[in-house]
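Number of protein chains: 2
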Amino acid sequence: MSLVLDPAAQDLLFREARTANAFTDEPVTDEQVQAIYDLVKYGPTAFNQSPLRITLVRSPEARERLVQHMSEGNQPKTAAAPLVAILSADIEFHDELPYLLPHFPQAKDLFFAERPSREGPAVLNAALQAAYFIVGVRAAGLAAGPMTGYDAAGIQKEFLDDDHLPLMVVNIGRPAEDAWFPRGPRLEFDQVVTTV
Amino acid sequence: MSLVLDPAAQDLLFREARTANAFTDEPVTDEQVQAIYDLVKYGPTAFNQSPLRITLVRSPEARERLVQHMSEGNQPKTAAAPLVAILSADIEFHDELPYLLPHFPQAKDLFFAERPSREGPAVLNAALQAAYFIVGVRAAGLAAGPMTGYDAAGIQKEFLDDDHLPLMVVNIGRPAEDAWFPRGPRLEFDQVVTTV
Numbered sequence: 001m002s003l004v005l006d007p008a009a010q011d012l013l014f015r016e017a018r019t020a021n022a023f024t025d026e027p028v029t030d031e032q033v034q035a036i037y038d039l040v041k042y043g044p045t046a047f048n049q050s051p052l053r054i055t056l057v058r059s060p061e062a063r064e065r066l067v068q069h070m071s072e073g074n075q076p077k078t079a080a081a082p083l084v085a086i087l088s089a090d091i092e093f094h095d096e097l098p099y100l101l102p103h104f105p106q107a108k109d110l111f112f113a114e115r116p117s118r119e120g121p122a123v124l125n126a127a128l129q130a131a132y133f134i135v136g137v138r139a140a141g142l143a144a145g146p147m148t149g150y151d152a153a154g155i156q157k158e159f160l161d162d163d164h165l166p167l168m169v170v171n172i173g174r175p176a177e178d179a180w181f182p183r184g185p186r187l188e189f190d191q192v193v194t195t196v
Numbered sequence: 001m002s003l004v005l006d007p008a009a010q011d012l013l014f015r016e017a018r019t020a021n022a023f024t025d026e027p028v029t030d031e032q033v034q035a036i037y038d039l040v041k042y043g044p045t046a047f048n049q050s051p052l053r054i055t056l057v058r059s060p061e062a063r064e065r066l067v068q069h070m071s072e073g074n075q076p077k078t079a080a081a082p083l084v085a086i087l088s089a090d091i092e093f094h095d096e097l098p099y100l101l102p103h104f105p106q107a108k109d110l111f112f113a114e115r116p117s118r119e120g121p122a123v124l125n126a127a128l129q130a131a132y133f134i135v136g137v138r139a140a141g142l143a144a145g146p147m148t149g150y151d152a153a154g155i156q157k158e159f160l161d162d163d164h165l166p167l168m169v170v171n172i173g174r175p176a177e178d179a180w181f182p183r184g185p186r187l188e189f190d191q192v193v194t195t196v
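So the protein lines, in turn, are chains A and P.
Going by full-length UniProt numbering, the first residue of the first sequence is number 1, and it counts up by one from there.
Going by full-length UniProt numbering, the first residue of the second sequence is number 1, and it counts up by one from there.
Hints are computed from structural coordinates only; laboratory data are not their basis.
A few of these clues could be false.
Across the chosen pairs, the derived CB separations fall in these ranges [as the list claims (entries may be wrong)]:
1) P98/P - E16/A: 19 to 29 Å
2) H103/P - F104/A: 40 to 50 Å
3) Q68/A - T24/P: 51 to 61 Å
4) E72/A - T194/P: 19 to 29 Å
5) Q68/P - G149/A: 37 to 47 Å
Even for Gly, the Cβ is constructed at its ideal location relative to N, Cα and C.
This is chain A alone, in the form it adopts within the complex (with noise of 0.2 Å):
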């Protein structure tokens, strides 16, 4: 075996895990929140941006809002999920450059002083962070149900602001039954890899 990672955590994390459409009552609680956070936050970045900002949706008002703003058939599993997230790219992160990177501040003046230069990084960082928080949410013993099919923009002005851009909405709880389709197939290690 190539691989170091046990087996139980390989299937936990990837093999055995799922994309899940439906979830039981049982509720997500703030401190397993915090304890995907605490464990994903470690991710890498460049430059340790750290992009990712997170809205938890927990008011029913708040969650009726939401729906409203995802494709019709995502309506239904966002209205039941026990909580629900919007994630998030925080264009302005540059902020927190000179705390997060103090070995080179001057990073945030020097490449990121330009919005354009920081929607790019912005983009692909906090997606590699909300990459890290589906499997954060999966160690948690959960599921997640992560989405693009909404109102981009609906989003962002109902919950968020001009220098946010929503990322992907995601649904977590613990799986009820039935709660995914048959896994899809995957590409081959031949039509993604190749070597020069």
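With chain A held as given, fit chain P onto it using these hints.
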């Protein structure tokens, strides 16, 4: 403890894993890369679109060409790493959708017929897969050194084509002694997570 993942796996993947800047001479084999891929290919993407492509730079001649396109600070470590991979997003991922999404093959034409409608999803979902790949490298007991400091257009022209956007270059190997700087600070939970 709110996490189910065992502490050794938490350490291997997140808490003790670090971005490496120096590696031992031990080679990274094709079998290891295959094992990494066979684990992380299960990470979720929207519509199972799986747009990540991986170019392993193995020949000395190709390595030399790649190093020329890296930023000055990244050149020595890219020249010395046991294995270097170029991760890219395939804008033509929709060609595989009828295979990847057999229960909804019309997604290809319904959502992704026009190239501009594919670029954002390709980058976002390939970035998720790049993060899974970094986690997978760690699951193999290796260290990753992801870098975005390079001439992207040069790398695209030299190693890819118009349909593949470079996302990052990743050095891979067993970390040498003193392979990393002290870990940078992370944002506190309350700086990242808000509740509505």
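The hints, checked one at a time:
no.	hint	in the structure
1	P98/P - E16/A: 19 to 29 Å	holds, 26 Å
2	H103/P - F104/A: 40 to 50 Å	holds, 48 Å
3	Q68/A - T24/P: 51 to 61 Å	holds, 55 Å
4	E72/A - T194/P: 19 to 29 Å	holds, 27 Å
5	Q68/P - G149/A: 37 to 47 Å	holds, 42 Å
Figure legend: structure checked against the earlier numbered hints; every hint is met.
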